Amino acid sequence: MKATDLVKIGESIRYYRKFRKLTQKELAEDICTQAQISKMEKGEVLPLSSTLFLISIKLGIKVNDLFYESAYTRYDYMKTLTRVVRTKITNHEYADVLQIIDLEKDNYFNSTEMTQFILWHKGICIAHVHKDYQHSIDLLKESLSMTNKKNGFCSERELEIINSLAIVYDLSGNSKEAHKYYKRALKDSTILPSLDPNIKARMLYGLAKIEKSLGNLEKSIEVSEEGRLFCINNGLLYLLGEFLYQKGYCMILLEEKTGDEYVNLAIMIFKLQGNYHLAELAERNLNEALQKVEHKKEKGLNKRLS
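Position 242 of the sequence shown, counted from 1, bears residue number 241 in numbering that gives the first Met the number 0, the numbering being contiguous throughout.
Derived from the structure by calculation, the hints contain no laboratory data. Quick caveat, the model's predicted, so the values are computed rather than measured. Just so you know, not all the hints are guaranteed correct.
[Said to hold, decoys possible] DSBU-like, lysine-lysine: derived pairs with alpha carbons at most 30 Å apart:
#1 LYS175 x LYS57
#2 LYS7 x LYS24
#3 LYS20 x LYS7
#4 LYS130 x LYS7
#5 LYS140 x LYS211
[What the hints assert, rightly or not] Cβ-Cβ distance ranges computed for the label pairs, FRET-style:
#6 THR89 x LYS256: 33 to 39 Å
#7 GLU255 x THR189: 25 to 31 Å
#8 LYS256 x VAL83: 46 to 52 Å
#9 GLY214 x LYS256: 37 to 43 Å
#10 GLY214 x THR114: 38 to 44 Å
#11 ASN215 x VAL62: 28 to 34 Å
#12 HIS294 x LYS182: 34 to 40 Å
#13 HIS129 x LYS41: 44 to 50 Å
#14 LYS186 x GLY273: 21 to 27 Å
#15 ARG283 x ASP131: 27 to 33 Å
#16 LYS41 x LEU228: 28 to 34 Å
#17 LEU191 x GLU221: 18 to 24 Å
Where a beta carbon is used, it is the ideal one built from N, C-alpha and C, also for glycine.
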């Protein structure tokens with residue numbers, strides 16, 4: 000094998016390792032030594048075919064991918080594609096994402112990483128665009144099964160996919176299944192170091208809403224308070240308003256004092272964030288909830304007097 004081929008293999012191993020967010024030590028585990036991985040990436044040694052095979056399995060690629068010449072071009076392409084898709088998902092441009100996936104379907108490089116990413120986001124979009132919840136759930140479960148092993152801890156991405164499953168079950172009206180997946184995600188998140196706090200916040204907020212949907216108002220208040228404190232302790236403004244609103248609204252429904260104060264705080268945060276639609280919706284829901292409670296009190300008083 001030519002020296003240039005060794006360099007190409009080393010470059011491929013390095014960029015795939017970085018794409019998977021693995022250290023040299025993590026990649027080497029149960030395969031070889033960290034020093035050997037370092038030498039491979041520098042093109043200094045010729046790896047055994049069995050070693051390359053084990054490395055490719057851990058990286059979620061085919062062995063042939065390690066011999067591909069334009070490694071960095073491909074890596075940049077994958078980064079760009081994932082960034083565009085994530086941005087459009089955040090902006091609720093689900094139809095655009097489905098179009099991108101269809102156009103790029105031949106460019107996923109047979110990579111487990113990219114195939115999983117595409118299946119995951121296709122499942123999300125099908126739920127929102129076509130309302131085909133069963134197909135969406137099937138795609139999300141297929142995506143999860145590509146890397147998730149029984150009795151093993153979940154990666155950050157796998158937790159996000161589980162969270163997506165909970166969301167789609169909620170959209171389909173199956174609150175019990177949504178509750179199960181939110182609980183699973185939160186349980187698994189406790190053993191994952193350095194989890195993005197925004198992901199944990201989304202899980203807590205989803206669970207708080209599901210508890211309310213199931214009629215568990217006290218539990219919804221408890222989870223909302225946990226979420227509120229989580230946001231404060233992690234310096235997050237993201238979802239803080241939503242947690243305040245959820246807690247306050249449930250307190251009003253239970254006729255607890257200060258519930259309206261929490262909702263008003265949420266409205267103030269929504270306005271500061273420029274989320275005027277959410278602020279208006281919260282104000283409208285607050286007034287309707289207070290009127291219902293007042294009507295309920297009047298009805299109960301009239302019943303006692305009659």
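* To do: Assess, step by step, whether the Cα of LYS20 is no farther than 30 Å from the Cα of LYS7, and give holds or violated.
  => Within the cut-off at roughly 20 Å; holds.
* Asked: Does the Cβ-Cβ separation between LYS256 and VAL83 fall within 46 to 52 Å?
  -> 48 Å, holds
* Asked: Within a Cα-Cα threshold of 30 Å, do LYS7 and LYS24 meet the stated pairing?
  -> 21 Å, holds
* Cβ separation of LYS41 and LEU228, checked against the hinted range 28 to 34 Å -> 48 Å, violated
* Measure nothing beyond the straight line between the CA atoms of LYS130 and LYS7; if it is 30 Å or shorter, mark the hint as holding. => 45 Å, violated
* At the C-beta level, are GLY214 and THR114 separated by a distance inside 38 to 44 Å? -> 40 Å, holds
* Asked: Within 37 to 43 Å or not, the Cβ separation of GLY214 and LYS256?
  -> Distance hint for GLY214, LYS256 is violated at roughly 21 Å.
* Do the Cβ positions of GLU255 and THR189 conform to the proposed distance bound of 25 to 31 Å? -> 29 Å, holds
* Could you see if the CB distance from ARG283 to ASP131 stays within 27 to 33 Å? => With Cβ atoms ~31 Å apart, the hint holds.
* 34 to 40 Å as the expected CB spacing between LYS182 and HIS294, which holds or is violated -> At 35 Å between Cβs, range holds.
* HIS129 and LYS41, beta-carbon distance inside 44 to 50 Å? -> The hint (44 to 50 Å, Cβ to Cβ) holds, given that HIS129 and LYS41 are roughly 49 Å apart.
* To do: Compare the distance between the alpha carbons of LYS175 and LYS57 with 30 Å, and conclude whether the hinted pair is satisfied.
  => 35 Å, violated
Hint violations for this structure: numbers 1, 4, 9, 11, 14, 16, all remaining hints satisfied.
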